[in-house]
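Trainee: The primary structure of each chain is shown beneath.
There are 2 protein chains.
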Amino acid sequence: MISLNTVSFFVPIQTALQEVETVLHTQAENGQPDLRAALEHLLSSGGKRIRPVVGLLTGQMLGAPHDKLITLAAAVEMLHTATLVHDDLIDGALLRRGMPTLNARWSPAATILTGDYMFARAAKLAAETDTLPLMKLFAETLATIVNGELTQLFASRGVISRENYNKRIYAKTASLFEMATRAAAMVSPVDETIVESMRQYGYKLGMAFQIVDDILDFTGEQETVGKPVGSDLLQGLVTLPAIYYAEAHPNDPDVLCLTGGCYTEQERMERLVQSIRGSNATSRSMHEARAFIDQALDLLKTMPEGEERQALEELAAYIVNRSI
Amino acid sequence: MISLNTVSFFVPIQTALQEVETVLHTQAENGQPDLRAALEHLLSSGGKRIRPVVGLLTGQMLGAPHDKLITLAAAVEMLHTATLVHDDLIDGALLRRGMPTLNARWSPAATILTGDYMFARAAKLAAETDTLPLMKLFAETLATIVNGELTQLFASRGVISRENYNKRIYAKTASLFEMATRAAAMVSPVDETIVESMRQYGYKLGMAFQIVDDILDFTGEQETVGKPVGSDLLQGLVTLPAIYYAEAHPNDPDVLCLTGGCYTEQERMERLVQSIRGSNATSRSMHEARAFIDQALDLLKTMPEGEERQALEELAAYIVNRSI
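Heads up: the sequence lines are chains S and U, in that order.
Numbering-wise (numbering that gives the first Met the number 0), the first sequence opens with residue 0 and increments by one.
Numbering-wise (numbering that gives the first Met the number 0), the second sequence opens with residue 0 and increments by one.
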């Protein structure tokens with residue numbers, strides 16, 4: 000497994016990423032003091048900044064105007080962080096990346112409003128790129144993410160459906176990766192074919208990223224992932240490893256129990272998690288993630304050669320080899 | 000007092016407003032079914048649509064392109080409704096305009112996400128006006144509103160300050176009125192002076208609107224307003240009538256109690272509410288609201304004559320004569 004410290008895909012955009020950080024940290028400058036503190040806390044919580052990185056590399060590879068690219072990358076990360084603030088509140092999560100969440104320290108009211116403020120700042124940043132199609136894309140992506148969360152919230156639990164799963168991980172993760180690469184290409188002096196290829200690259204990267212997350216939910220150790228092993232399934236949420244397992248063992252009593260609506264029986268679900276861990280369901284899921292990555296790498300072949308393209312290749316490889 | 004049914008300022012924009020309604024009601028078309036139901040509920044809850052009305056009249060008076068104006072008016076109302084959804088959740092309000100709030104019927108999670116979805120749709124509508132400065136204005140206004148709510152949330156209670164009050168009612172109400180008129184002028188074929196005058200018109204209208212709301216909080220009957228009389232003060236929130244009363248009676252023991260931090264003593268605060276109702280503080284506040292309206296009417300004098308200008312004059316008069 001590769002850790003984030005040993006990866007080199009940051010090199011071509013190190014300075015640019017520093018500029019993005021500066022833009023992010025100035026977003027609450029005119030805000031209420033507690034809001035400023037909250038934003039600092041959120042931005043210092045050790046996010047991997049993978050979405051702005053993928054956007055910066057794409058834009059730099061395709062000759063995007065520098066300032067526009069910085070603003071765009073900041074907008075993407077701000078939108079991502081805003082959605083996490085409301086997510087953690089809704090899930091009642093007290094930790095994220097080992098740090099206390101905002102809702103662990105603040106009232107629900109303050110947490111809701113901080114998320115709203117960050118949406119406003121993300122929209123402002125998107126507007127500052129002075130590119131109307133990008134604004135529309137930004138608003139559409141936010142609607143997709145939120146609609147996905149609502150669907151998940153109201154969805155009946157224990158449903159084993161690839162279609163549902165694919166829609167869910169698109170809304171949750173791939174939509175924003177897709178937006179990052181597509182937007183970066185949109186502001187670059189390139190034709191529609193390149194924009195479409197980079198949109199697809201982002202999409203496939205994002206799909207793989209979420210599948211790996213869902214695999215790590217089963218294979219990771221609680222200390223590393225920061226959640227109980229199989230936490231999704233314990234809430235009745237069926238991810239790809241569980242789908243593969245259920246397809247291979249349709250008559251497993253715990254699988255039947257899951258689809259029968261008894262996901263609340265903790266003991267059975269914990270046993271099912273162990274069954275999935277002991278099966279080839281996770282390696283088959285990883286195979287599916289690798290297929291997305293292979294397709295993403297293929298799309299890069301038509302892109303301008305150079306260190307950015309190489310970094311985007313490394314980043315794709317990192318996605319399926321990370322341990323967290 | 001004038002009721003909404005007897006006013007004529009709707010006449011010049013009746014058709015346009017119907018188009019705005021249609022745009023609003025189609026915003027959840029691709030959304031999750033419960034979300035569609037929630038949006039229908041929110042949009043049918045009898046809102047006065049005063050913000051889109053003021054935007055439509057301004058744009059029609061100044062020759063704004065019709066489609067752009069409809070989209071813009073819908074964006075303003077959607078943004079307004081979105082902020083109400085989170086507001087009601089934060090305040091734990093169970094009724095608005097006599098109808099159950101979303102949070103009265105739904106979980107906090109669903110309510111948060113519905114608000115988020117509406118922000119996304121408002122941003123999308125703003126982007127569809129194809130006017131970049133308007134997008135920035137939209138994002139700035141959202142940031143102003145949310146920052147104001149956060150300031151109110153963290154503000155120490157019982158503080159008697161005109162400066163705080165003016166900032167608060169600007170963020171809460173005037174900013175969105177200002178945005179509606181300014182944006183409508185921005186998309187019209189007029190020069191900067193007209194845009195600035197109409198921005199000010201919206202600002203003054205909004206300030207007066209909120210002052211009247213705050214007066215009605217004291218003078219209205221619980222059944223009409225839908226909240227206990229003096230509800231702001233009972234939460235330690237000092238509005239204009241309380242400021243006038245405190246200025247005139249600095250040694251009233253209940254005023255001293257309020258500033259001393261004892262706003263939680265229900266009985267004393269209820270007595271203070273009665274004292275304010277019995278004083279000339281509400282009529283002095285109304286005088287201040289009327290001054291804003293007079294300034295707003297002055298600004299209209301330089302605008303093109305016609306039924307829209309007349310309607311904007313009537314609307315200004317309605318603001319200070321309404322009973323709800």
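What the hints contain is simulated information worked out from the structure, not anything from laboratory work.
Treat the hints loosely; a few may be bogus.
You can't tell identical chains apart in this list, so a pair holds if it fits in one copy or across any two.
With a cut-off of at most 25 Å between alpha-carbon atoms, the simulated SDA-like pairs for lysine to any residue come out as follows [to be verified]: (1) LYS226 x PRO303; (2) LYS47 x THR218; (3) LYS135 x HIS65; (4) LYS300 x LEU131; (5) LYS166 x PRO107; (6) LYS67 x LEU131; (7) LYS67 x LYS135; (8) LYS226 x GLU28; (9) LYS47 x GLN309; (10) LYS300 x PHE153; (11) LYS67 x ASP251; (12) LYS135 x GLU39; (13) LYS171 x GLY30; (14) LYS135 x LEU314; (15) LYS166 x SER106.
Just so it is clear, the structure is predicted and the values come from calculations on it, not from any experiment.
Trainee: Next step is simple, just say for each hint if it's right about the structure.
Mentor: Hints, verified against the model:
For the identical chains of this complex, LYS226 and PRO303 are neighbours neither inside a copy (41 Å) nor across copies (64 Å), given an alpha-carbon limit of 25 Å. With identical chains, the CA atoms of LYS47 and THR218 are at most 25 Å apart within one copy only, with a shortest distance of 21 Å there and 55 Å across copies. Both within a single protomer and between protomers do LYS135 and HIS65 lie at most 25 Å apart by alpha-carbon distance, with minima of 21 Å and 20 Å respectively. Taking the shortest Cα distances, LYS300 and LEU131 never come within 25 Å of each other, neither inside one copy (29 Å) nor across copies (35 Å).
Taking identical chains as interchangeable, the C-alpha atoms of LYS166 and PRO107 lie at most 25 Å apart only when they sit on different chains, with a minimum of 24 Å there against 29 Å within one chain. For the homomeric pair LYS67 and LEU131, the shortest alpha-carbon distances inside one copy (13 Å) and between copies (14 Å) are both at most 25 Å. In this homomeric assembly, LYS67 and LYS135 come within 25 Å of each other (Cα to Cα) both inside a single copy, at 16 Å, and across copies, at 15 Å. For the identical chains of this complex, LYS226 and GLU28 are neighbours neither inside a copy (34 Å) nor across copies (36 Å), given an alpha-carbon limit of 25 Å.
Taking the closest pair of Cα atoms, LYS47 and GLN309 come within 25 Å of each other only inside a single copy of the chain (19 Å); across copies the shortest separation is 57 Å, beyond that limit. Taking the shortest Cα distances, LYS300 and PHE153 never come within 25 Å of each other, neither inside one copy (41 Å) nor across copies (53 Å). Taking CA atoms no more than 25 Å apart as the test, LYS67 paired with ASP251 passes in neither setting, with 54 Å inside one copy and 58 Å between copies. Proximity of LYS135 and GLU39 under a CA criterion of 25 Å is satisfied inter-copy only: 23 Å between copies versus 28 Å inside one chain copy.
In this assembly of identical chains, the alpha carbons of LYS171 and GLY30 lie at most 25 Å apart only when taken from different copies (15 Å versus 29 Å within one copy). In the homo-oligomer, the alpha carbons of LYS135 and LEU314 never lie at most 25 Å apart, since the shortest distance is 27 Å inside one protomer and 33 Å across protomers. Taking the shortest Cα distances, LYS166 and SER106 sit within 25 Å of each other only across copies (23 Å), while inside one copy they are farther apart (32 Å).
In summary, the numbered hints that this structure violates are 1, 4, 8, 10, 11 and 14.
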